[in-house]
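Asks: Here's the letter readout for the chains.
Number of protein chains: 4
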Amino acid sequence: MARLERGIGCADTRDKTRQQVVSLIRSAGQIARIDIAAETGVSPATITAITQEMIQAGLVEEVAPGTGRPASGRGRPRVSLKLRGDAHLLAGIKVSFRTLSVVLVDFEGTSVAEHVAPLSAPRVSPEALAVEIRALLAAATAEIGQTVDDISGLGVGLAGTIDAIAGFVHWSPSLTASNVALRDLLEAALPMPVFLDNDANLVAKAEQLFGEARGVRDFIVVTIEQGVGMGIVIDGEVYRGTRGCGAEFGHTKVHLDGALCRCGQRGCLEAYVADYALLREADVSMPGEAGSSAEDRLNRLFLAARAGEPTAHSITHRAARMFAMGLANLVNIFDPRLLILSGERMSHDFLYSDEVLAAIRDEVVQVDAPPPEVKIHKWGDQMWAKGAAAYAMEGVTDLAVRRLAIDA
Amino acid sequence: MARLERGIGCADTRDKTRQQVVSLIRSAGQIARIDIAAETGVSPATITAITQEMIQAGLVEEVAPGTGRPASGRGRPRVSLKLRGDAHLLAGIKVSFRTLSVVLVDFEGTSVAEHVAPLSAPRVSPEALAVEIRALLAAATAEIGQTVDDISGLGVGLAGTIDAIAGFVHWSPSLTASNVALRDLLEAALPMPVFLDNDANLVAKAEQLFGEARGVRDFIVVTIEQGVGMGIVIDGEVYRGTRGCGAEFGHTKVHLDGALCRCGQRGCLEAYVADYALLREADVSMPGEAGSSAEDRLNRLFLAARAGEPTAHSITHRAARMFAMGLANLVNIFDPRLLILSGERMSHDFLYSDEVLAAIRDEVVQVDAPPPEVKIHKWGDQMWAKGAAAYAMEGVTDLAVRRLAIDA
Amino acid sequence: MARLERGIGCADTRDKTRQQVVSLIRSAGQIARIDIAAETGVSPATITAITQEMIQAGLVEEVAPGTGRPASGRGRPRVSLKLRGDAHLLAGIKVSFRTLSVVLVDFEGTSVAEHVAPLSAPRVSPEALAVEIRALLAAATAEIGQTVDDISGLGVGLAGTIDAIAGFVHWSPSLTASNVALRDLLEAALPMPVFLDNDANLVAKAEQLFGEARGVRDFIVVTIEQGVGMGIVIDGEVYRGTRGCGAEFGHTKVHLDGALCRCGQRGCLEAYVADYALLREADVSMPGEAGSSAEDRLNRLFLAARAGEPTAHSITHRAARMFAMGLANLVNIFDPRLLILSGERMSHDFLYSDEVLAAIRDEVVQVDAPPPEVKIHKWGDQMWAKGAAAYAMEGVTDLAVRRLAIDA
Amino acid sequence: MARLERGIGCADTRDKTRQQVVSLIRSAGQIARIDIAAETGVSPATITAITQEMIQAGLVEEVAPGTGRPASGRGRPRVSLKLRGDAHLLAGIKVSFRTLSVVLVDFEGTSVAEHVAPLSAPRVSPEALAVEIRALLAAATAEIGQTVDDISGLGVGLAGTIDAIAGFVHWSPSLTASNVALRDLLEAALPMPVFLDNDANLVAKAEQLFGEARGVRDFIVVTIEQGVGMGIVIDGEVYRGTRGCGAEFGHTKVHLDGALCRCGQRGCLEAYVADYALLREADVSMPGEAGSSAEDRLNRLFLAARAGEPTAHSITHRAARMFAMGLANLVNIFDPRLLILSGERMSHDFLYSDEVLAAIRDEVVQVDAPPPEVKIHKWGDQMWAKGAAAYAMEGVTDLAVRRLAIDA
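Each protein sequence line maps, in turn, to chains S, Y, X and F.
Every letter in the first sequence is one number past the one before it in the working numbering, and letter 260, counting from 1, is 571.
Every letter in the second sequence is one number past the one before it in the working numbering, and letter 58, counting from 1, is 369.
Every letter in the third sequence is one number past the one before it in the working numbering, and letter 164, counting from 1, is 475.
Every letter in the fourth sequence is one number past the one before it in the working numbering, and letter 228, counting from 1, is 539.
So that you can see chain S by itself, here it is in the shape it has in the complex:
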C-alpha cells in the first residue's frame, strides 16, 4: 500500500465530519447510515456522500445488519456499514525496560499477531532502537505472511517526557540521548508513518478504547513500572499540556527538601515509590548478596514485606503512603469520574492495597457525594502495545480521511 503522507494541510470542517463518521462506525461495530446522521447531526444526504467515498476508498463496507457479514444486497433498509478490517494493517510497540512488545491489528482493531523481543540494553541509542523495531516488525509480520511494507502505520509508546504532537523526545529512560526528533528518525528508517507518544498516554487510550474506561469522558490512568506515569483524559481527549511535558505525576513534589530523585530534584513522588527508590532503601538496610540483579533484590524485598519482615514492610508501607498522598492530590485537582491504577506487575500489590485506597478516601476533599471510583487494572506489555496500535489506527484514519478529501 502506498505510504500515507503526513502534513497535507489542516483539517477542515468536512474532514472533521469524516473522522467523526469513522470513529462512530468503529465504536458501533456496525451502524446504518440513518443512525450515523442522527448521532452526528449531519444531514443524511451528506452522510451518504461521505460514506460512499469511504466505500470506494476501501475503508468501509456494507453489511447485512446483525450478521456482521458483508451485505448480500437484498433488503436495502437493513444495510449497515462497518470498517473493512483488511483496509489497513497497524502496529503498536511498547518500549519497556528490557523488552520490545508489538501487536499487529487490522483496521477493525482485531489483533492478528503479537510478538515480544528482548531489548539489547536498558538504554539504547535512537538509531539502534530503529533497527531493533524494524527487526521486530519483520518478525511479527512474517508470522502472518506479510512484510514490514504492509503496515500502514506504527504507534510507539515509551516512557519519558515526550511531545507527541511534535514527535519529539525531551528525555526517555529508554534512550541514551536526549532531545531527539524520534518520530522523524523512525520514519526515515521505516516505510510507514509513525505516531509517537508517552506510554502512559497510550495506556489511557487503551483503557478508553477497550479497557476499564469505556464510556467515561474524564478519567486518569496512573501506571507503575520502573517509574510512575500518568495519562489524563478530559472530555474524551488525552490531555498533553503545552510542551508535551504535563502529566509528570512522578515528579510532583510530596516533601519539601525530601528524598533525592534521579531527576536531581528533591521530594518527587518517584523518589519514594519507584523501583530505584525502594532498592536504595532495601540495599542499605537489608543487604543481599553482591551482584544479584535489581529484579532479584526487589523480589526479595516484596516477599519479605509480605512475610511481615519489619524493615521490608517499612519500605513498602512508606511508599504506599506517599503514593496515596499523590493520588489524593490528583483527585483534589481533577475530581475525575474514574481513577485507574494500571500496572503489569503483581509484585507492586502494596501500591494497590486497601490501605492505599482508604488513605486516598481520607485525603480527598470531603463532600456529600461519593468520591471517584478507583479501579485497579493489572495487565502486561501487550496491552500497552495495543494502546500504541490504537493510536496508530487513529493517526492512519486521519491521514486516510484527508486523502479522501483531496481526492474528492
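Hints in this document: simulated from the structure, not taken from any laboratory.
Each hint should be verified, as a subset may be incorrect.
[What the hints assert, rightly or not] Here are the simulated lysine to any residue pairs, SDA-like style, with alpha carbons at most 25 angstroms apart:
1. S:K327 / S:I345
2. Y:K327 / S:G526
3. X:K327 / F:D679
4. Y:K327 / S:S334
5. S:K327 / Y:R528
6. F:K327 / X:S334
7. F:K689 / F:G547
8. Y:K327 / S:E350
9. S:K327 / Y:A356
10. F:K327 / X:A356
11. X:K327 / F:P621
12. X:K327 / F:A360
13. S:K327 / S:A348
14. Y:K327 / S:R611
15. S:K327 / S:E705
16. Y:K327 / S:E548
17. S:K327 / Y:L609
Let chain S serve as the given structure and place chains Y, X and F on it in line with the hints.
Replies: Relative to chain S, chains Y, X and F alone:
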C-alpha cells in the same frame, strides 16, 4: 423583560451554532456576516437566517463597519453586526469575607454600575445572603435609574466547593450551612436566573475575557484570599471536575502528617499559606495585644517580615516555599502555557516574590523548552464581580439562544 | 534560728565526709556508727568524732535501734543515730501556671504542712513573686504555730531556663522579666537562704528521694505541664550543664523547618506537644465558642480525642508520635536505667499511652539487652513542692555542716 | 612482666587514693609529695607511705625538680616524683573500616612506636580480628626490639554498640558477628589484659588527655567516619550509659518516618549524613561508572559539591543541615562547655562548615550567655589509637595499684 426560563431542553446542533455566532460577535466587537460564515465553517445562507432571528429578537444590530454605530442602510457590503448593549442588563456579585461587590454590565460587556456593601457577618445563612444580595442589587440598579426586575441574569461567585452545573454549594466559608441548593434558593428570592460558581473559576473567566489570559487556550489561575483557590482552563473551557469538587489546590497535600488544616486533614497547602495558618504561627511566637483583629495582626506580621524580623520572616518564608512547591506541582501535572497568580492584596507580596518564581522554575520537570509563563495579576473584588457578570452573560446568551430556537 | 550563711568557702575533704554521713543517716533512717564507717570507708574513730559534733550541734540524735525513739542510754552496742526532725524547718515551693504550692518539712523530711494559693497572674514580676511567696510562707507556718522566721531554708522550683548554681533565671514563663538574679532578690525579701532550681530538676530530686527512682543512680525524668521539662540524674547527681541551660528537652528539634515554637525557632518538640501547640491546631479545625478558656478548650479536645473524633485524635496522635521520638532520642543518648514520665494531669494520657511506650521501644537502638524501664508517675504540685523542700534540705545541711567545720 | 590479673575485688578507699596519686603525677609530669598531699587533701604521712610503695613497685621514681631527671639524692626538699616510663609498655589499637592502627606508649604516655596494617576485610570474624591484632602487635614491638609479651595492657577501640565495662560488643560494623564477649576472646588470644571501648569514647579520652579538651570537665566529642559517633565526658568521666548503649548520636531521630537507616529504623541522623546515605543519593542522581569504589564515588561527589554542581551540593547541603540540627539537640540537652567535631577526613568539610556552626547557634536555646565553644579537630587513626593506649594505661594503672594494695 420576561424572565428567561432555564431547562428548556438540551442544545441541538443549531443551538450550538447560534451560541458560536453570538460568541464570535462579542469577541470581535463587530463583524460582517461573510466573516462569520468563514470563521464558523457554516454556510452563509444559514448565517443570514440565524442572525436575522437575532436582530428580530433584539440581541444583535447592524452597524456601519468601522464606525461602531448602527448601520445607515447604505452600502450593504459594508454592514457589520454587533451585539445590542441594551439587550440585557447583567449583574455579577462576588461574595467576600466581609463584603459583597457587584458590577452591572450591559449585553456588550460594558460596565454601567459598581457597588460594594459590607456583609452582615463573615458567615451568613443562605437566606440572609439572598436578602443581602437583593438589597445590593436594588442599590446598584437605583444608581442607573433601573430596578432589580430589569436584570436579565445574575452571576454569583463565592469561595468553597461548588457544583456549578447543579448550582449546589457543598461547602463555603461564607455560609453557615453546608450542602445548599443555593442557586434554586436565590432564584426563588430574585426575579432573574442565577448562575453560581466557585469564585476562582470566575476569576479564570475574567482573566480569559478581559485579563491576562486573552487568547490563551490552556491556563491556570491561582487566587489568594482567605484561602487558596484555583481555576483551570483547558482548551478554552473552565474545567470543573465530575462533582464540581476539582481544582481544590488549597487542599492538595504538601506534607505527609503535616500541619492540620481547618478542613480536618493534615498537610494541606492551605495549612501553610492561608491567613489562618500564618496567624496561628504569629500568635504563638509573636503574641500581640489581646483583642486586636486578625487583619491587624496579619498586617503586623507582614510589616515585621518585610523589616527582617527573623521569626516573622520565618513564617512568610516557609509559606512561600510551600506555595512554590504546590505551584510547581500544578505545572508538572498540567504543563499550561500560562500560570496566573491573582490576588487583591499587596500584603501577600511574599507569595508572588522572585524567590517563589525561582523555586517554581527549580521544581518543574526540566526540559529544553521554556517553562510556562507566570504572570502576577493584582486586582480587587470588582474584577471578581466582573467575572461573575461575564458568567451571567454567557448563561443569559445561552437561554436567549434557546428561546430563539423555540420561537423559530 | 540564726540565719545560715552561704559562701563560707569551698568544701574540703572533711566537709564531704560530714555531708556523706548526714546523707547516709537520712537515707537509712537510723544507722549505727560502725555501719556508717563501713559504708563510707572512713575510720570508725573519725566517724565517732564527726557524729559527736553533729549531736552537739543538734542535727543528729541517738536512738535505741529498731525503736525509732531516742536511745535510753543502756546497751551501748544497740545505739543508732538518726536526724533530729526539729533541727530545721524547711520549705519547698512550686511556682505553677496559676498557683503557688508550698510544703513544709522537718529535718527528717516529714511533711508538717501543705498549702496552695492562687498566683495573682500567670506571669508576675520577680518583686511580686517575692511578696506572694512571703505571704504563702506566712500562711503555711501559721497553720503549725510558727512564723516565716522559723524556716531554715526555702527551695523554689519554677519552669524556665535557670542557672541553679548562680541562682539566676535566664527566662521563665512565670516571670514578666528575663535575666533576673532571682535567688538574691528572694533572699533580700525573706529571712532564710533560698535554693532555686528548674522545676523539672526538683521533680528529679523528689523522684530520687521519695519517688520512683529511689536507689537508681542514672535516670531521666520528663515532665509535662504547660511545656515539656526534663531532669537528668547521672551517678546520683542532677546534671545541670555548663550555663544551667541544659536539659532543654522541649526545645530539641524533631523536624527540620517544622512547626514554629513560641521560642521563635522551628521544629521544637514543644511546638508539637505543648498545650499551646495542641490548642492552635484544635482552634483552627474544631473552633469552639469564642471566649472560652484555654483549659476548657483543651479539655474539649481531650474528650473528643478519647471519644474517637478523627480530627481530635489526629491532634493527640501526632503529639504522641513526636513525643515518643523525642523520648527515644533521650534513651539513645543516655541509655539510662530508668525513664520516668511525670506529670500531674490525667488529661495528657495520650502522652503516656501504650502506643508511646511501644514507639519508644521501636526507635531505640536495638541490642540484646532489655531497654530502659519506663515508669509513668502521675502526681500533683505538692510533690513538686516536696522536691523543692528536699532541695532546701540538702542546701541547709550543706551550710550546717560547713558551720560545724568552722566551729570545730 | 607477669600478667596483671583483673577482678581482684572492688577498689577500697585507699585504692582510690592510690589511683588519684598516679593520675595527679601523670598530669603534672612531676610533683613534690607535699603538693600531692595539698591537692588530694590526704595527709602527708599517708602520701609518703603510698608513694613509697609505688617506688618499690617500680611505677614511680624520684627526680630533681625542674630537671626531669632522676633525683641525685641531694637537697631533699627539691625532690619530686614522676612516673617511670619503662614501668609498663602499653598498646592502643583503632579498628577502622579498612585498616588497623596501633600506637605503643610507655608508662609516661610517650609514643615509642606506631604501625598501620590493612585489615583483611571491612568486616571480619572476632577470631580473625584477634589473629590480625596479634600480628600487628608483633610487628610494632619488633620495631623497638620487644615482643608482644612485653606489653602490659592493650586498649582497643572499634565502632559500634559496646558495653565497655563488660567488654561486650552488642554490634559493630567491623565484625561479622553480633553479641560477642570480645574482651574475653582477645584476652584468650593475647598475653595481656585488654580494655575495650567504643572508638568515639577513646577519641573523647584522647581529647581529654592530649587534645582540645585538656582541663575541660564537661564536653562532647562527635566523630565522623563511616558513621557518626559520640563520646560524652561529664565531670571528667566518660559517660557510658547503663547498658553501654548510650551516646548513640547517629541513631537519634531527626525526622519522623524519615529516610531508612542501615539499622532498620527511620529518620536516624546517620541515614542523612553517613557515607552510605550520601552515596545512595549520589548513585541514583549522578550515576558514575559501574564498579568504581565507594571511596571514589564519594570523592567525586565531594569534588562536584565543592565545584557548585547543584545536585551534589543538594546532597551535602541537606546532610549539613541535618547534622547541625542533631548537634544543636546535643547542646540543648547537655549545655556542655565544649563541643568537639573530630574527624580524620578533609573531605567531610561540609559538616564542619561555617554554615553548620551558624545553624547550631540558631537552633540552640537562646539565653544571654555565650553558647558552647565548638572546636573542629581533624586528625587521623593514630590519634584514635593513642586514645586506646591512654585507656589501656588507665586500666593497667588500676590493676597495678590494686596489686600494691594486696602486696601492702
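Asks: Hint compliance check: list the failing hint numbers for this structure, sorted ascending.
Replies: 3, 11, 14, 17
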